[in-house]
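Using the sequences and the hints, build the whole thing.
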Amino acid sequence: MTIKSAIAATLAAVTLSACSTTPGPVEVTRFVAPEATAQLGQGTIFVESAPGMDGDSLSAAPYKSAVADELRRLGYTETDRASASQIAAVSFERYVMTAEGRRSPVSVGVGGSTGTYGSGVGLGLGINLGGGERDKVGTQLGVTIRDSATSQNLWEGRADFRVAENSPLAQSQANAQTVAAALFSEFPGNNGETVEIEVPE
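When you line the sequence shown up against mature numbering (1 follows the signal peptide of the UniProt record, and there is no 0), it's residues -20 to -1, 1 to 181, in that order.
These are calculated hints, taken from the structure and not from any lab test.
Glycine included, each C-beta is placed from N, C-alpha and C at the ideal position.
Where hints are given, some of them may not hold.
Unchecked claim - Have a look at the derived ranges for each label pair, beta carbon to beta carbon:
#1 R82 with T9: 35 to 45 Å
#2 P14 with D60: 26 to 36 Å
#3 T130 with T78: 35 to 45 Å
#4 G32 with Q132: 18 to 28 Å
#5 E28 with E7: 19 to 29 Å
What follows is the structure, given as structure tokens:
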């Protein structure tokens, strides 16, 4: 499945209301250990929260679930930690980019749930109620895949996505699915390369 069809399928599964703001691209960077390419995309894997994250946080659940879905699509079999040959550690941060271009320090997802933006269940919106250009909700999703026996990093990826706060794609589930689909597009990607993945309206 191509990235365009993967994201299109994601959007089709989510009820989207009319939105006048086109979503921005997802900026994706991947790092691949050359000797590890043959190990990627197969075998058993366990998805966990990255160190410093609150593993039981409701806000993290859609992102870990979306990553797990993408890993299964790639050919992995999700299993318990003790049985897994690889471990996928997931981190994420949500922030507000103001219409003036300033990044708000209010976030959720880093070092446990810091800040108060969003509840983690549906993500309460309504940042800019004064009219004019809308603030944007930003998401940074990071995933590290490592060998469970040696703890060697096999693959690392990060994705950054900004969308108008009134967009359906700002909602947690749709946001998580969109960012994860972009992050794992054309997996494993080229080492050190940053690409922009367009998100269809």
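Contradicted hints - numbers only: As far as the earlier hints go, only 1 is violated by this structure.
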